Every structure is written in structure tokens, then in C-alpha cells.
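Chains as they are written, first to last, in the numbering used here: chain A, 1 to 337; chain B, 1001 to 1274; chain C, 2001 to 2258.
The set of hints was computed from the structure by calculation and includes no laboratory data.
Here the structure is a predicted model, which is why all the values come from computation and not from measurement.
Beta carbons: idealized from backbone N, C-alpha and C, even for Gly.
A hint or two may mislead.
Partial selection, computed: residues in chain C whose CB lies under 8 Å from chain A [stated by the list, open to error]:
no., residue
1, 2060
2, 2061
3, 2155
4, 2160
5, 2163
6, 2164
7, 2165
8, 2168
9, 2179
Okay, here's what each chain looks like letter by letter:
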Amino acid sequence: MSDAFVSLADVTLSYGQTVAVPDLNLEIREGELIALLGPSGCGKTTSMRAIAGLLTPVSGKIVIDGVDVTRTPANKRGIGLVFQSYALFPHLNAFENVAFGLRLKKLPNAEIRQRTEVGMATVGLTGFETRKPAEMSGGQQQRLALARSLVMEPKVLLLDEPLSNLDARLRLEMRNELQRVQKDTGITMVFVTHDQSEALALADRIVLMKDGKIEQLGTPAELYAEPRTTFAADFMGFENIFRVEGGTLVSEQGRLSLGFDAQERVLAWRPGGVVVGQGSHTGRVIASSFAGQYRSYVLDCALGQIKADVPIETPEVPIGEEVAFDLPKATARPLAT
Amino acid sequence: MFLNRREGLALALPAALFTFLVFLVPVGLLLSIAFQSESGAWSLEGYIDFFSKPLNQSVFFRTLKLGFLVVVTAAVIGYAAAFCIVNLPTTARGRIFGLVVLPLMISPVARTYAWIVILGRTGIVNDTIVGLGLADTPIRLLFTETAVFIGLLQLFLPLMIISLVSAMENIPEDVIPAARVLGASWFQVFFRIILPLTREGLVIGGTLVFTGALTAYITPAILGGSKVLMLETLLYQQVNVSNDFVSASVIAMILIVMSFSANLLLKRIASVRR
Amino acid sequence: MPRFAIWTILGLTLTFLIGPFLIVILAGASAGESLAFPPQGLSLKWYAKVFTVESFRASFALSLFLAVFGTLAALALGIPAAYALHRYDLLGAETIRTIVAAPIIVPGIIVGLALLRYFVVPLDVTITMALFVTHTALVMPYAVRVVSSSLNNLRADMEEAAVILGCTRLQAFTKVVLPNIRGGILAAFILGFIASFNEVPASLFLSGPGVRTLPIDMLSYMEITFDPSVAALSALLAFMSIAIVFIAERLLGFSRYV
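Whenever a hint applies, use it, and build me the whole structure from the sequences.
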């Protein structure tokens, strides 16, 4: 493809004898914000390390900006990487951390100073120049790590679980910050995460990975609304997933007849797609919790447990009582496997 | 990253090779002496000869006995001292701990020499005894097993205290008060709570003290002389006085086997806990 | 536990551990001719005499040389080894670790004898050289252990970050790893220095005419002369060790590494 800025073609990655990622094909456009999403061990971090040059592929080709970098060592690739642990240099102050890469380039002092100051300003750390990393908060360290990568003006900026070490409030703040920086600089960003809400909120496109392979690739809207597989659906919050056998839903616990015809092999519902209080099925409420806009129930029925989120306006059903529910056709998401 | 094994090996090998060549090879050769008969064939004669001599036997058992006594005494004093140290307020704890560690930095020659001043014919103890009229002439305190015992104990006690302090620091905070509230006497607290929970520290400390006492040269040399020989001083004597390398090789093997088993035991127990 | 009991136990223990040493200091400060305590009058003449004894000066110089250069050599070999054992997935890592740690397990006296018989004599090596090699090997376990433990506190991704920012492997080591394990290296140097300087058993057989380490020289001096100069020298050496440790503790919190 012509518009690919970063491309991985048939890339196989392994640690010693174990193949972590077989034959990966991925194309990333310039200026795009891409999320590599998946559970731990799915190969997302491995793939990112391969783009960075920290891991050399066993086979395949990596091209960045038209140049084959498959064999280019990490220090010559012009890639930025923000580590999950930030990997700040504890013996250097904030300014020297940011200036580290610039000094290696042997740039004139004035330019180093100017670019470092701009970099620190970009992430809102002006005034923290003489602090050591240990004297900064988690959020500040994160920004510092970001600035250290940004001042190098990398072709691609990679971020490894950029928000995982921050508390909930800071996480939201940094999300916005990352988006802003990306918009301001127009830099191509690839970030790795196991948190689907983070991927959905930030990314232009999401690469959902499983066992070293791409399970599904698409925009957040696509992945959210139309997951293609059980794995993808589960990751996107479809908590009720059942096999279909001739008009009947099947689980390990039992069977439940569908109220409609279905040709698909698997059907999935989000908790919000389950109707409670009416319908042809009955279940017993075994758990109930208040969640602001809605109430979450766990219903015990012939299929086992069903999770349902019900608008708060509907009358509450006490725990232990039987209640009617429905798995409507309208909210069912058909899945291939 | 950096999984280039050849590069790693190139960095690690010089140290390993150096130690191997200048250290393990000569030691190995020395140990092999006692396994060869005069014709050069393999034999255990050296060992049989060595252990058939009463002097060697008595030195062997004395070394074991002193090592054992020093460990037991160090453990008793060590528990008392360590328990006191961990119950001190933080600042005092650091200072006292520093004073316990301090002797380890001082030359063993200097530390052992002090006992000559104390136990010698004109030393403090004898001056006091004679001065008080308890005896007419000074008694012989130096060159006795007691002197060697005291010297070794003083040399290695800090190792035991350090091990026990770090073991006791890991006892969860309220366990001892909890046991007291449940009706345990102090005696029961020690044997049912403290001792089981500090077992690892005791073993580490004990091993360090035992191997230390076993392989100490200076203390038995200065405080025991040729009257109270231990394995190390006997080895020195066999080489320097009798030129008997077979006996030296046997003693070397005994010392290595003992230190090695102690070390192995230590590793075993430490890894069981982890 | 009552405070009284605590301080009694600690007082007695510390008296046993440190008291004898205070006696040595005072015995060395005696004005009399023979070793005694309490000293027969106070004077610093024995402390002064130590510096005039020719053999002490020579053996002090030798011990200092061994402690400094033996430890430096051990670090030069030990730092790369500790680093490699840490960062690489080495075949035979356990073997290498055991070999390098061996000198701590093998009793010193055996080492000295073995080196005399199979290194000095057949290869016609000088005693000084043999001492240097022995002390290097003896200090190696400390060097590897202390440097390892400070590498433990240094995450591997720090180096990766440095490489991505443009460092070569060597630059990543010198600009990021070394500055961060500097404290550990210094601690290893001090530990090694003290261990080497105070070493006796291994150096026992490695002495020749005019070539002796200071502790060995003190031992043989004691056999001949019974004056307080050894007490004075012991005290001086102890002050030296304590001063080194004290300064190190003040400068870098030395005890973290021990």
C-alpha cells in the first residue's frame, strides 16, 4: 500500500525457541494514533519492541518512512519509546534527562537548551528542570518521559502502557494530554494497552491482538459495534456470549430457546442489551448493584449467569426473586466464532 | 534486548577463567596430593595415616568442639542482643547496630591481640587475681582452649547478631504481643514464636560463625599457640615444621568439605524458605 | 521488656565486642617498656615508634598496594562479570557464579599454600605477584556480589531507553549504568580494600625475605618482641578502617550495600 508510513510485512518474532508473533502484517499511516490492544502475552509489546528495534525479527520486513529498517539497530532508527516504567535516568535531573538524546547527537549547546526547553514546555514541566526524577510525581515522570522522546523528533512515537502506572484521575488527564500532543505535533503514535476503554478513547484505529495474531483491526466505532469474534466481543464488553444450535442458545450449564430464528453460530449481548421485567424467559436475581445511571443485575437462569444493566427508572427487583427477561434480536451481535 | 550470548560470555569469562586458573586449579592440585600413594596410584593411605595419629585426632575433634561451642554460645548471646536491638527506637537501633558491625572492620590481628593484654601473665585478669590474693603466681590463661574460645567468640559474634537482627526485623509486628495476650509466657514466646520465625537467620548466622571458627588462623595461632592446635594451625605446622604436604592436603580437604557442607546447608535452607 | 534489662544486655555484649579494643588503644599509649594494662603512664612514644620500624613501613606499603590494586583488578574483572550475569541469558551462568564465588568458601590458608606450591614455585612467579593474584581472587566475590546487588536496583529498560535515544551499547553502559551503580562500586572497593588489608591466612605462606603483608609482619614481630608497638599499630590500623567506613557511610550510605 502506498499510504503506509510504517509497515510490517510477514514479521515473525521470537524469544529464543518460542515464537511470540508469527507472520505479522500491519500498516500504519502517517500521523495516525494506533492502539495495540490485547491481554498480556498477546504479542502487543513484542511487536512494539520490534518496531523500536529492541528485537530483531526472525523473518519479514519492517519499513518506516520508505526505508527498510529491519536490520537497523535501535539507536539508529529515529524512533521514540515511552516505557511503561518511564525508564528515566535517576542520576540526571529533568533537564538532562530530556537533553540526553540531543547531547548524543552532539548538537550545539544553544540548540540543545532551546529544544529541551520547548520539549519541557510542551508537556507542562517548565520550572522542573533541576528536579531529579525521584523528586517528581508519577504524572510528572510520565510527562518527562514523553518530553524526552518528543525532543528527538522521532518518526514514530511508541508508548508502552502509557497510562497504567497512573491513578484514575491522572489517567484521564494524560489521555487528553497525549491526544493534544499528537494533534499539535502530528506525530505517528503507536501505543500498547490492555485496557479497551483506553484504546477506544484514544486511538484512530485499534489493532486487537490474540496469541501473536491480529484478531481484528478497525476504528474504535467498528470494534465497539461490530466485533467479529467471541474474543473481540468479550474484549468490547459483550458479557453474555452463547453458542446457537438450531434456534436454541447453548451454554455449559444448559439451553434456552431463542424467541427468533438465527443462522449465526454465536450470539452476544452487552449487559445493556438485556431486557429485564418482561420477556419469555425467567431468571432469579442473585446479585444487584447500583451504578448511577443504571442498575446491574446478575440473573441465574437455565443458561447459567446473565448480566443485565437496567435503566435506574425501572422498579428494583430484590435479590432472590424470579424475574422475566429477554435477549432481544435487536441487541444481539452475531459472531463468526 | 541484548540476547547476544557470545557478548555476555566474553564479559563474564575473564573473571571466571582467572579464578579458575589461579585459584581452583592450584587448590585442586593440592587436594589431590593426599589421594596419591608414593608410586602415584590412587590411594587413601594419606587419610588413614593422618587419622591414625592421636595428635591429629585430638586436633580434629578440638576444632569441631570449639566450632560447635562458639556457635551455641554466639546463638545464646546473639538472641538476647538481637532481641534488645530490634526493640530499640530507630535512631538508637542504628547506632548500636553500627557498634556491633564495627569490629568486623577492624583487623583480626588487632582484635585478637587485645586478649594478650587481657589474659597474659601480666594482663588485667592476672593482675587482679594476684592483687586480690586469690593466687600467689599468675595462672596460665593464654594458650588454653578457653582463650581460643573467647577469642573466636569475640571475632564471630557480630556475624550471628547481624543475622539474627535481620531475621527478627522480619517478624510481623504484632505477633509477639498477640502471643502474650493469648497467654504465652516469655519462655513460650521464645520457643513457639521467635525461634521458629528466625530459624533461617539462626542457620545463616550459625553457618557463618561455624565456618569462621573452623578456618580462623590468627586466633588459635596467637591465643592457642602450639599447645592448643586447631586444624588451621596444625596445617601450618605440618608444612612449615614437618614439611608434611600429605597431612596438609588431608587437612585442606577436611576444611573444604566442612565449609562446603555448611555452605550447602545454608543454601538449601535459604531456598526452602523462598 | 524493661529498659534496664535491655541496656544491661547490650552493655555487656558491646563491652565484650569493643572493650578489648579500647584496651589495645590504651596499652599502646603506655610509657612503659612492656605490654601491660593499665598502662604504666601515658605517652605516645609507641605510636610514634611504629612509623620508624623499617619492616612495618615496607609491609604497610605492600599491604596498601595489594589492597588498592588487588581490589581494582577484582573490580575490573568482576564488574563486567556481574553485569553479564545480570543482563545476559548465559549458558553455564550458575557455573560461572559458583567459580567466581569459590574464593569465599575455600579457607584462605589452603589458597596460600596451593599457590605457593603450584604457582610460585613451578612458574617462578614473584611472591608479590602471587599475593596480588591471591588478593584479587579473594576480593572478587565481594566485587561481584555488591555490584550485582546495585545492578538489581537498576531496571534493564533504562539501558533500552538510552539506546533508543541514540546510545551505542558501550555508551549506554558508561552514561547510564555506571553512574547509577557508582555507589555500589565504591562500596565494593571499600569492602574489598578492608578485606584485603586485613587478610592473614592466605598470605601466610606467601611471604618471603622482605616481602610480607602488614598483618603477617605484625604476627612475626609479636613472636619476637613484646613491646606495646603492636598494640599501637593495631589501634592505628583500626582507626584507619573505621575512618574509611565512617566517611563512606557519610558520603554514600555505605551500609546499604553491605
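Now the hints, each set against the structure:
no.: 1; hint: 2060; verdict: violated (36 Å)
no.: 2; hint: 2061; verdict: violated (36 Å)
no.: 3; hint: 2155; verdict: holds (6 Å)
no.: 4; hint: 2160; verdict: holds (6 Å)
no.: 5; hint: 2163; verdict: holds (5 Å)
no.: 6; hint: 2164; verdict: holds (5 Å)
no.: 7; hint: 2165; verdict: holds (3 Å)
no.: 8; hint: 2168; verdict: holds (6 Å)
no.: 9; hint: 2179; verdict: holds (4 Å)
Violated hints, listed in ascending order, are 1 and 2; each of the other numbered hints is respected by the structure.
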